[in-house]
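Please assemble the complex out of the two chains, which come individually in their own frames, going by the hints.
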Amino acid sequence: MNTNLANPDTADEQALVDRFLSKNRAFLGPDPEIQRNHHVAPRTSREEEILSAGIDSNLYAEIRSGLRASLDETFKIAEMTVASPAAQCADMSTGYFTASGDLSLASTRGVAGFTVSLHYPIRFIRKYFETDETVGINEGDGFLLNDAHYGGIHSPDQHLFMPIFHDGVIVSWCVCAMHEGEIGARVPGGMGPMIESPWDEGLRGSPIKMVENYALKTDLVTFMQNSCREPQTMLADLKARLAACCRMERRGKEHIARYGVDSVVGFLRSNVEFMRDEGRRRIAELPDGTVRTQFYIDDTMREPALMKIMYCFTVKGDKVIVDLRGSSPELFNRPINSLLSTQVLGVAITLAHHIWPDMPCAQAIIDCFEFITDPGTIADCSNEVPVALCIQPMFKIMTAAELAFAKLYFGAPVKYGKTKAGWFNQPAAIIYGGVTQHQDSCGNMCGDLNGMAGGAKCDEDGEHSIAPCFGANVDIGESEEAEEQLPFIYAISKRIWPGNCGFGKFRGGAAYEYGLMRYGEQPFGFQTFTGGSYFPSTFGLFGGYACPTYGTVRVRGKNLFKVMKETPELFQASMASIMNDRLIEGAEYSSHSMAVAFELYPEGELFMTSQGGGGGYGDVLDRDPNLVIKDLEEGLIREETAMDLYGVVYDPDTYAIDDTATVERRKGILKGRLAKGVSWDEFMATRVKPEPPATVPFFGSWNNSEELYCGPFGKALPSALPPIILPDPKDVEIQQLKAKLASLEAPRN
Amino acid sequence: MKVLATEYLRVDLEEEMWECDRCDHVLGPARENYKRFLLIHDRNPREVHHPLLDPERYRFCFSPDPEVCVIYEFYCPHCGLMMDVEYTVPGHAPLHDLELDIDSLKEKWCGATGVENDSTANTAAFRS
Ligand SMILES: [Zn+2]
Numbered sequence: 001m002n003t004n005l006a007n008p009d010t011a012d013e014q015a016l017v018d019r020f021l022s023k024n025r026a027f028l029g030p031d032p033e034i035q036r037n038h039h040v041a042p043r044t045s046r047e048e049e050i051l052s053a054g055i056d057s058n059l060y061a062e063i064r065s066g067l068r069a070s071l072d073e074t075f076k077i078a079e080m081t082v083a084s085p086a087a088q089c090a091d092m093s094t095g096y097f098t099a100s101g102d103l104s105l106a107s108t109r110g111v112a113g114f115t116v117s118l119h120y121p122i123r124f125i126r127k128y129f130e131t132d133e134t135v136g137i138n139e140g141d142g143f144l145l146n147d148a149h150y151g152g153i154h155s156p157d158q159h160l161f162m163p164i165f166h167d168g169v170i171v172s173w174c175v176c177a178m179h180e181g182e183i184g185a186r187v188p189g190g191m192g193p194m195i196e197s198p199w200d201e202g203l204r205g206s207p208i209k210m211v212e213n214y215a216l217k218t219d220l221v222t223f224m225q226n227s228c229r230e231p232q233t234m235l236a237d238l239k240a241r242l243a244a245c246c247r248m249e250r251r252g253k254e255h256i257a258r259y260g261v262d263s264v265v266g267f268l269r270s271n272v273e274f275m276r277d278e279g280r281r282r283i284a285e286l287p288d289g290t291v292r293t294q295f296y297i298d299d300t301m302r303e304p305a306l307m308k309i310m311y312c313f314t315v316k317g318d319k320v321i322v323d324l325r326g327s328s329p330e331l332f333n334r335p336i337n338s339l340l341s342t343q344v345l346g347v348a349i350t351l352a353h354h355i356w357p358d359m360p361c362a363q364a365i366i367d368c369f370e371f372i373t374d375p376g377t378i379a380d381c382s383n384e385v386p387v388a389l390c391i392q393p394m395f396k397i398m399t400a401a402e403l404a405f406a407k408l409y410f411g412a413p414v415k416y417g418k419t420k421a422g423w424f425n426q427p428a429a430i431i432y433g434g435v436t437q438h439q440d441s442c443g444n445m446c447g448d449l450n451g452m453a454g455g456a457k458c459d460e461d462g463e464h465s466i467a468p469c470f471g472a473n474v475d476i477g478e479s480e481e482a483e484e485q486l487p488f489i490y491a492i493s494k495r496i497w498p499g500n501c502g503f504g505k506f507r508g509g510a511a512y513e514y515g516l517m518r519y520g521e522q523p524f525g526f527q528t529f530t531g532g533s534y535f536p537s538t539f540g541l542f543g544g545y546a547c548p549t550y551g552t553v554r555v556r557g558k559n560l561f562k563v564m565k566e567t568p569e570l571f572q573a574s575m576a577s578i579m580n581d582r583l584i585e586g587a588e589y590s591s592h593s594m595a596v597a598f599e600l601y602p603e604g605e606l607f608m609t610s611q612g613g614g615g616g617y618g619d620v621l622d623r624d625p626n627l628v629i630k631d632l633e634e635g636l637i638r639e640e641t642a643m644d645l646y647g648v649v650y651d652p653d654t655y656a657i658d659d660t661a662t663v664e665r666r667k668g669i670l671k672g673r674l675a676k677g678v679s680w681d682e683f684m685a686t687r688v689k690p691e692p693p694a695t696v697p698f699f700g701s702w703n704n705s706e707e708l709y710c711g712p713f714g715k716a717l718p719s720a721l722p723p724i725i726l727p728d729p730k731d732v733e734i735q736q737l738k739a740k741l742a743s744l745e746a747p748r749n
Numbered sequence: 001m002k003v004l005a006t007e008y009l010r011v012d013l014e015e016e017m018w019e020c021d022r023c024d025h026v027l028g029p030a031r032e033n034y035k036r037f038l039l040i041h042d043r044n045p046r047e048v049h050h051p052l053l054d055p056e057r058y059r060f061c062f063s064p065d066p067e068v069c070v071i072y073e074f075y076c077p078h079c080g081l082m083m084d085v086e087y088t089v090p091g092h093a094p095l096h097d098l099e100l101d102i103d104s105l106k107e108k109w110c111g112a113t114g115v116e117n118d119s120t121a122n123t124a125a126f127r128s
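So the sequence lines, in the order shown, correspond to chains H and D.
Residue numbering for the first sequence follows our numbering, starting at 1 and increasing by one per position.
Residue numbering for the second sequence follows our numbering, starting at 1 and increasing by one per position.
Chain D extracted, bound-state conformation (with noise of 0.2 Å):
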């Protein structure tokens, strides 16, 4: 059984490995951070929020200060799926976001029984 843990990225409860939601790339086992089977990059906070005033004369301008933000973008690398990013303080490691007990998943969907839930339903029911 496979469970989606965010918009992107699905567990398959049965071998514990992370997927890509989008292309179904196997990414990793799902015990582990999902963030160390992504591509990594750090990007220029001024590439995604342009200055509102001109940067030239205002200290002030209305778009994040490089020297104490950057922008880590994370990727499928299958498929360049932007799977999260994350705002940090440049030369700070990247955050464990999201760690779910696997153990925990799988009762919460199979239950003792074993009989399965339809994981899409209910986000589909708050999609609609």
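Only chain H is shown next, with the shape it has when bound in the complex (with noise of 0.2 Å):
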């Protein structure tokens, strides 16, 4: 019961005052507090009287089973219910989390990253709503939480969190947690170039209490529904995620009737306990160094440029310090930055995947870690400035966090995984939005973002298209699935190109190149939002190259169904084909980079890209020739790079290697590079410059400058940093033909 329902209009004015002083705030924005502190909290006292009386290992791995096998359950419970495409994909997860907020222990499948960031949330639910009188927490209380400000990866993800509570106390929490996709931004699906500003990307929700006993608030979810391009989706996918907790919540009390309370919180700490301290044990064993790593980012999501992101792990005894200084400083109107709790978590995740793979996946496995930035820049931005593409920024910690260890464990006397090179880490997918067959308004993403291949190990070749760099056991759906949905079809699906793997000793996977062609007369329209289309975006490890670069493409302005029809022999389900041989009369071939803004596309136009491929390992004259052959049989490198690159003599004709000229070749390209080499002095000297070139606007340190280059805006001390609003490349376009236009009509003397 409400106990306080009179109206304040009515009540005298001292009481009015300080109730009003003591009850009102501004803005309870994101709390600093919570955002920029990833390690696990203290014990309460009544975990710390639960472990200090000793615990029965015996019995918490029987509560731990129990809660794995319940976490598996409501996974597969969601996983058959949603209707966001990425979560089909298993884009989710399901967790248990302890009163505080640490995650104890997330379920086998899906994307664990989703719940590794959660208890920045908690956190906050439990600072500013358990005493608030509007709010509360309560039995059969759910809340909802999508804004990244406040946890979680980035805003198109959709997380519900659920108290489980005894004798009136809350004890644990759980979470059901996906990737929901379209939350009524300025573009379909949440993410996309033309997000500028925070307001551009659509519903912000810090946590909101959307249900109460165990029920959907209608009024709320109407809201949510009139928010977003997709009304049904966002409805069936509430309802999977309250359905999914209200699982966890009855199997999270039943364990407590069996095993008694005590047990079941004393197993969840303990649990978060061991990950930290076990964590914190590994980085103890490694020998201590340091390993840096630099990538650019060369793309705004607008236009062309050149932004660095600086990594520098330092193992030092039982810690480690990640030193982000030096990372491009943030862009005010573009949507490339991300905030440190998804740097954090970009860490967490790859330590979890890639490096100790027996390692359950939670935050508390990086406890021993520290991070150092330069706030304001795009490793660790301000609240002002758009974050829609923050995975942008977080894959590429997660591959310096993979090449980083990789390194730091080659020399080190005990390892927990194999020595590989990097996972691919650019979200290459479609996003499309529009009007489906159906006549449902629609806006999400294409499961093709989950075909990121792998990268090469020490002992063998990276798989092809296999699984994104963030989750191992996730799918990326089918075709025809898709086609059934939406109004297009996979012109070309998942086809392999020669030379989309990193090169090496042991090559990185190969991965697919994929073609949407529009089927239908309603407005529907694609857009992308990728890197690495003039820089490579992921690296190889000791000697082996890194992925190429890629591009969209787009044959427009001819109905290719009509062609297909007519003279299907002009229809090639091949990139290459279709864009170098130029066979359909009258269409516009055009290639662009990775980072096309929304457009709409008319029936039978074809919009192509590509997933990207995997780190290379090892040197190229170290490849068994057999393989290099195999490559080439695969379709998987060009006969250029068997024979210049990989130095293989073989028979065009029957592919049958010569031995012995092989040997001569690679020893040729091994005195050729005695030759062509120069010492450090002499390329210090020669090859080195005081500023980065002129041609693509440069941001952040040069040679390990103390000033960051700011692009356009000169350079200045991390502190002092201009805000760097950028103009719109179709204003910069107009002034150029503008000028042009003038120069042209000047008359001549």
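Keep in mind that the hints were calculated from the coordinates and are not lab data.
Be a bit skeptical, because a hint or two may be false.
[What the hints assert, rightly or not] Heads up, simulated EDC-like pairs for lysine to aspartate or glutamate below, C-alpha to C-alpha not over 16 Å straight-line: (1) D:Lys106 x D:Asp24; (2) D:Lys108 x H:Asp318; (3) H:Lys316 x D:Glu107; (4) H:Lys676 x D:Glu47; (5) H:Lys316 x D:Asp103; (6) D:Lys2 x D:Asp12; (7) D:Lys106 x D:Asp42; (8) H:Lys562 x H:Glu603; (9) H:Lys689 x D:Asp101; (10) H:Lys76 x H:Asp475; (11) H:Lys319 x D:Asp42; (12) H:Lys239 x H:Glu212; (13) H:Lys316 x D:Glu99; (14) H:Lys316 x D:Asp101; (15) H:Lys667 x H:Asp644; (16) H:Lys418 x H:Glu463; (17) D:Lys2 x D:Asp24; (18) D:Lys106 x H:Glu566; (19) H:Lys676 x D:Asp42; (20) H:Lys689 x D:Glu107.
Encoded structure:
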């Protein structure tokens, strides 16, 4: 019962003032004390009492198995009932948390990265809402979150939190987290190049109590549905998450009934502490050292740029310092910035997926990591800039951590996984939006985002388009299912093209190209938001090469269904053939970067792109010639690559290797290296320049400069960065064309 | 005792020197940046990553743009083995990517007792 039913309008003045001062805050924005702390919370007095009395590891193992089964069960419930295409491809996770909000256990399948960063909102809810009489936390409540400033990866994700009570006290939290996609942003799917301010990002859902008494509140659901392009998907997925949470809560209570509340609370906490302590122990075991990696994000999503992002991992005793200083300043009106919490999350996922695959995925495993940044840079941006594409810098820190620990572990006495090169690290998915053949409004992304290729390993090649860098157990979806629901066909589906992998002693996995052809008359279009069109995004290891660069290509101005019907021989399901042969008369062929703004496509127009390959491992001349020929036969590399780069001599008709000639050619290549390579001193004197090239705007430090380059805004110390507001590229082009026109119109003397 | 620091780079812990694991050439002091002792070649990325689409016709041809990207290749000065490649912006200094704490490395391998572990056993285990 609400005990405070008095209308404040009738209260006496002093009481009104007192109440105002004690209850009102101007704005419950993201709390830096919460958002900038990724460490495990201290034990509560209850946890201390339980754990100091001693623990029964066999009992805890039994509880762990039971709760894990519940997470996998609820994962399946949600997966089978969701409507969001990403979540249907398993871009989701379920988890149990301690009462303070630390993730203790996540579902085996899916993307544990979602649950990894959800201690922030639980702490926020407890700190600000528990004692707020207009909100409160009660049994059967569910809080919805999507704003990344309060936790989670990025705003297109939506998460539902439900407390688990025992005797009126919160003893745990359960969460169903997933990539929802459509959140009513300026562009379909919640991510895209045209997002230029936080106010273009759509729903800014700080934690909202959307569920009371285990039921969704119709007024809030209606508001949510009105605020996005996919009202039906929104409702279906809210229900799916609620069903999962209700079952998780029930299973949690069953465990409490069976094992006693202290055992469950003790288990949840001790599991967190185990992960924290084991992470620290593994770091202490490593030799001390520093590994540096620098990446260039080559596109602001509206224009080419070189945004440096600098990662320096130092192991010192039982600590890791992650230094991100020197990275590009934040861009005020481009979606490429990331919050510090996003960077931290990227490290946790990488450690769990790639370095310590035997460890559970939780933030606790990197409790011994500390982060140093320049606030106001793309690795630790302010709350005033858009972060819709924060996964760009996040995927970079994932590869940086992958390569750093590959190097730090190579010379270490104990390892926990295979050494391998970088996993492809870009969100190479086509985002679509418009009206479907079923007359539904929609805006979401293709499951092809998950088709990233794996990096080469120290003893074998990487796998082709196997899984995203952020989750091992997800899917890319079926083309046919997408075609049934959406007004396009996969005119090219999952075709490997030569050269799309990092070369080396072992090559990275290759990745596929795909092309969507619009079908039907309704308004419908595409966009992409991927980097790596000018500068490769994913690196190899120990002499292995990077993946290549990518683009988007289009065939427009012609209904290709008509061409297919009348002259089927003119249509080849290959991007290279279509674009290089240009057999379709009257069609417009064009290539673009991997970041293109949303555009509508009429029926029969074709939009093509490619997923990315993994980095290579080791010197190309160390590759077994038989494997090089196998690559040729499988269409993974070109003839020039086999002959000139790998130095293999073979009969071009039979592919029979000439072993002697191959040995000779490789010796020749080694000699050539000795002839063309120059010494360090000569290189520094002749190749290294004091300033970055002027051809493309450069952002970040240059050769360890203290000042950060700010593109067209000069350079400045990190503490005094100017606001970087870039002009609309269309305006720039208009100005250029106007100037050109004026010069042509000028009277000639 | 000698420890592999990368696929091709070895540290002699007694002498504190970097060595090439292929030809045994002694490169230089292990407390310094190993790249200082290698030959460096700045390579046009188009030589490695051939364009998929006709570069005369298309700006985005699925091959790195040499205006913004260069590959630094690092070779053993004795045998020519390619120990590392670095993709960077033309004119940028090579990155000091790996800086091992030699004292800590000695301690982890030889311990306080000075008893040597087998440096290759663990790596070999993960290669089988
Ligand atoms: Zn050598």
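Practice task
Could you tell me which of the hints above the structure violates, numbers in ascending order?
Solution key: 1, 7, 9, 11, 18, 20
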